[in-house]
Amino acid sequence: MNFVWNGPMIAFYIIALGVLGAAVLMLSVRKVVYMALSIGGVFIGAAAIYILLGAEFVAVAQILIYVGAITILMLFAIMLTNHKAEEPPFQWTGRNIFAAVGSVLMAVVLLAVIRSTAWPVQPADVHLNAGNSNPVAIGLVMFKQYAFPFELVSLVLIVGLVGAVILAQERKEDE
Amino acid sequence: MALNSPVFPIPTGSLLALGALLFCIGLFGALTRRNLIIVLVSIELMLNAANINLVTFSRLGVNPSLAGQVFSLFTITVAAAEIAVGLALLLAIFRLRKSSEVHDLNVHKW
Amino acid sequence: MGLAFWFTILPLIAALLILVLPKLSSGVYRTLALAGGILSLILVLVGWFAFDGAASSVQLAGRIPWFTLPGLWHGHNLAVGLSFGVDGLSLPLATMTAVIGVLSLLAVPRDRQRARENYFWLSLALTGLLGVFTSQDLFTFLVALELVLFAVFFLVYLYGDPGHKEAAVKFLIYRGFSTVAFMVALVGLAWAAAGGYATASANAGNAVFTFNIPALTATLHQAISQWLSPAAASALFLVLLLGVFIEEAFVPFHTWLPTTHEHADPSTNMLIGGVVTKTGAYVLLRFGVGMLPGEVRHWGVLLAVFGVINILYGAFAAWSSKDWRRLIAYSGISHMGLVLLGVAALNTAGLQGAMFMLISSGLLTALLFFLTGAMKDRTTTLTIRSLGGLSKSMPVLSGFLLVAALGSLGLPLTSGFISEIQAFIGGFATYPAISFVGALGVVLSAVYLLYAMERTTFGPTAEGFLKLADARPFEYVPAVVLTGLVLLVGIYPDVIGHLFGLSAQALLRIGG
Amino acid sequence: MVEYAWLAPLLPLVGYVFLLALGRRAPEGLVAGISVILTFLSFLVSLAVFTALGSHPDATGAYTFRWLTLGTHSIDVGFQVTHLNALMLLVVSAVSTLVFLFSVGYMHKDERFSVFYQYLNLFVFSMMALVISPNLFQLYIFWEMVGLCSYLLIGFWYFKPEAALAAKKSFIVTRLGDVGLFIGIILLFLSSGSFDYSTVFQAATSGHLGLPWISSAHLTTLAAILVFTGAVGKSAQFPLHIWLPDAMEGPTPVSALIHAATMVAAGVYLVARTYPLFEASGVALTVVAWIGGITALLGALIALTQRDIKRVIAYSTISQLGYMMMGLGVGAYAYGMFHLFTHAFFKALLFLAAGSVIHAVDTQDLFEMGGLGKKMRITQWTFLFGALALAGVFPWAGFWSKDSIINATLQSGHIVLFWFAEIAAFCTAFYIFRVYFLTFHGKPKDEAKYAHAHEGSWVMTVPLIILAIMAFIAGFFNTGLNNYGLEKYLMADSPTGLIGHVYPDNVALMIASVALALLGILVAALMYWKPVISAEKLAQSLGGIYRLSFRKFYLDEIYYRLIVWTGKLIASIVDFFDRYILDAIVWLLGRAGYMGGVGLKYTQTGQVQTYSVIALFGLMILVAIAMFHVGGVF
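Chains as they are written, first to last, in this note's numbering: chain B, 1 to 175; chain Z, 1 to 110; chain R, 1 to 512; chain X, 1 to 634.
Don't read these hints as lab results, they were simulated from the structure. All residues carry an ideal CB built from backbone N, CA and C; glycine is no exception. A few of these clues could be false.
Said to hold, decoys possible - So the derived label-pair ranges between C-beta atoms look like this: (1) R:Gln222 - X:Tyr602: 53 to 63 angstroms; (2) X:Tyr63 - R:Phe436: 31 to 41 angstroms; (3) R:Trp66 - Z:Leu96: 41 to 51 angstroms; (4) R:Pro162 - X:Gly618: 52 to 62 angstroms.
Stated by the list, open to error - In silico DSBU-like pairs for lysine-lysine, Cα to Cα no more than 35 angstroms straight-line: (5) Z:Lys98 - B:Lys31; (6) R:Lys322 - R:Lys165; (7) R:Lys392 - X:Lys443; (8) X:Lys160 - X:Lys375.
Take the sequences, apply the hints, and build the full model.
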């Protein structure tokens, strides 16, 4: 495989390194709050990758929902629970060893499979959006082809919302 | 590679490898961290990894189409719902047990 | 839609009605269950007139398609249906089932706790049992078998004397194994008929994968002569036999039967002793003799020896039983040994005797359980040692008990004798020496039954038993009906004999 | 008339059904009236059949219809009247009628009076149906039915534990023999293809009884001995005689009818009915003769010392049945049946007379009676007639028939059996007169019982008188006076006009026999009437021999140890095996499953992450398998 060092390529590697770095950081810091913050980096990096891949709408949605909502939500949850909580130092217990071995094995297998597969090559100018801008194209697909799943997902959201409210509700002792 | 049609600059394999590594980091986190919030966060990491794959194949798959992107949007939505319910559960559990450690959630022990 | 379909399905409809109806008084459920059972019985009796007694084919058949599994064997689809029908072997057995089913519904006490479940499970068991005897489709057959298993499990689990829950679990586990064995063997047979175990050189091209029992029987005989390897046939037969042994409570897989009988409710016992313990022998006749006659012949000595072991073991164990219900259970095991001997003989007399024995043992066991149940209501115990002199306070029940005991020990003019002599005629024709030993069972049955009678109805009456009431009017119904049938079969055996004769010959002719 | 012979058994059956319908509380008069009248009608039918048949060697076909199809064979039921059957019909119906009449008085005020007559009617039906069976199958059916009636009637007083035990014992012991009969008729059916007498006999005599595993000659012997086993059980022959004395627990009329005159004679009838089979196998006939001879002697020896009046007569019955068997066994077919005929009357008489005594004094112990002759004149005289007939004193019935048998035994060359018979004859005379003297003569031993003793009403005395007359004249039916009519009548069943052998009268032997009988009576008189010889001293001086007789040769005890005890032992072993080995294995299997579950329980830590790690490794293993299966990844 011959690597062509062009702009998107360089950008991709930088972003990828950033994403992986943030992920590793998340697992290596001990204060819960920092972890929540570092995951924000991962989300943003992922959004950048989406932009590189021409999925602008997904990238924006990623930033809005993950970075804007979920990360903040987590911070709130941390505040509401034990905001001084610290992850105890990592110990090489049996389970953790197996978890590590398993994860590494998984990574090795996945990478090996990825490496050994001949991936299709696509030209640079594939017109996914059929002439429209990306959000419009997605909107058209979403409301025509995927109207029913879209409605179902909205149902899931409603149920999730109601469920979350009920679960988080303060209960009286005798109930 | 024919020069008259320039190929997409980022190789598929690299994108998938990023997803795979991210997934494995998330997996490791979900399996080893003791704080429930971090476990949830790790799961989000894994979902993100999956999303990267979806979007990659939407652009670089055998038949490029918007389906991958739409699907990743769905995933994001479901992930949002999931994190909402998960955190609500976390609150409820914390209130009950005064702890947000996975280790203490062992009511299903024999 | 054929009669057989309807009389099989009617109790199920009653059961479903009981299930979905709102909470009502137990009388309603009783009426519903009885209505289902009696309607079914009436249809069975109508079936006797609609049945052409001169033909040995499946009649009154009804089938509704259920589902189709596509392309299971060389592009052939496997069509599965709810398919019911009767032949000369099924019709008397179905009749007996319907009769005993209705009577055991009648025998449920009116003041039963959780009456709804009782009637529901009983009706379900009845449908299952009728289904076992009338199924013309392997799938339906296995479903019916499972239905029986679970319905009876719940009947034993919910009602009975202390210890009934453990007994129910034992029942479930044992019979569960037998059901699995049947499933393996029967699906294996269907597979074999389709050429599943074809040897390389043989031509199984025109074989079809079917679950239809008559079609399967016909194909299997072709298969055995042409492309089924003997080792595979033997293996299938042995698995089937294992299932039969467990299902039929043959020694040494019998211990579930006495335990279950000892703890279950009388109405449940009537059904178990009367019908549930006859399904295994039916499988042996229908699938063993019907589909693999060569294997029955090949393993005949084994079957005959086990038959005699059962006869003697059952008799000796009954002799040392301290409880009437255990005694009846072992006497049933002894009877079933005779069935095994008759089947092993593989001639008309033997098979006919085995079929008669199924009916006879069913009726007599049900009668015995009904009567001992009625006695237990009054005396609160069935320990043989603590009874005595019951003739004084309840002459009618004692009289019926005596008839039942005498029938059970094979007194002529009862159904027991006609079954016994035919099975022995068959046995002596093929295995004289083994049968000679088995004939000892004739004496032993007299020993243990008369011993129990002597201790129960004869002798001085204990103080507490003097004031007990005799049979109540509604108790006459089961007693009279069952005794009447026992005597009917004993006095005029050709009433079922010509059907059994044709079936036996049909089985043998196919067996060649 | 012969084609209406089915009426004879049908009438008692009608009586049975009628009484059953009337219920348990029907009035005594009605019950007894119906029963006696129907039985008497049955007797008239039998008499008509008997005379209509004449002594022609034909007109004895079977009337049958198909009962059950068995493959290519069919089992028929129906009836067949041969000369032998006709004679049996006559005996059964005559004795039944008299016993029915007698029972009206004997069972008076019993709370189950109606039930008693139900059972009796059922018995008479079964017995007659047995007698006129056209084949072995129907014979076996009614063979068991009479056994059932015997069981029911012995246990009639069910509240007495002895009666319950005796009923059970009688059924089981006879069933032991019945199994032999059962197997025998099955073998005959299998080898000849039919249950019909004629088919079987034809196959047996022509040597065509064939089964793959046995030759025709051996099969004939085997089947004949098996059939004879049934007869041994039913006719209380050694070694299965032990049930009959115990059967005396039943009401005395039952003893008279079933356990003296009719049912126990069924065994003799069976041997006679299947005589061609026995003749075809010489061995079987010898076995019959020896068993009969041994039984005759054994019964007589035991009867010498018994204290219970009914038991003495019961052993006497065993002994007399032994004579009949011996007669058949030595080839004297006609004499055996002749003795059956006479014995039915005088033994029924003895039992009924004994019943009359028991009814009067309410005890069965001989040594509590005495002097009853003064109060019960009719009973005394009729008993004396019966005793004389039994002892074989000229010209009472027993003399003619017993002497014919003894004569045949001697003439056919069975010297040992002859001496058995003679010794038994002497004992017979002694023991029956011992009973006679102890009961009717001497001083009353129990004043209270003596005081309320009285003669029964006419229903009891009339049967006694009729039977006494028969006990006197029955013997003349087969003497030179009527040209040996009975003999010729019976022989008419055979186309050759001869079954077995007949022998000319032997006057010297007759005189010797009568002398022997008179000697026995004399000894009895010297011991119990005019006590010249002390019975106690004699008993003491005989010591062991006396005890042996008194304790019935310890046969009951031996059987108990040998058979019952072994059976119970096996039963307990089976029970133990069932509970503590088979069920224990099952229990262990269950336990193993349970313990496995308990062990695996501890893997359930409640830690989701642990589960996930395990799941991950499971996934990795699957992936590994898949990768190695597909290959090409690394």
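Structure-based check of all given hints:
1. R:Gln222 - X:Tyr602: 53 to 63 angstroms: Holds, at about 55 angstroms.
2. X:Tyr63 - R:Phe436: 31 to 41 angstroms: holds, 35 angstroms
3. R:Trp66 - Z:Leu96: 41 to 51 angstroms: This hint holds: roughly 49 angstroms between Cβ atoms.
4. R:Pro162 - X:Gly618: 52 to 62 angstroms: At 44 angstroms between Cβs, range violated.
5. Z:Lys98 - B:Lys31: holds, 18 angstroms
6. R:Lys322 - R:Lys165: holds, 21 angstroms
7. R:Lys392 - X:Lys443: Distance ~40 angstroms between Lys392 (chain R) and Lys443 (chain X) Cα, so the pair is violated.
8. X:Lys160 - X:Lys375: Given that 35 angstroms is the threshold and the Cα spacing comes to 30 angstroms, the pair holds.
Figure legend: structure checked against the earlier numbered hints; hints not met, in rising order: 4, 7.
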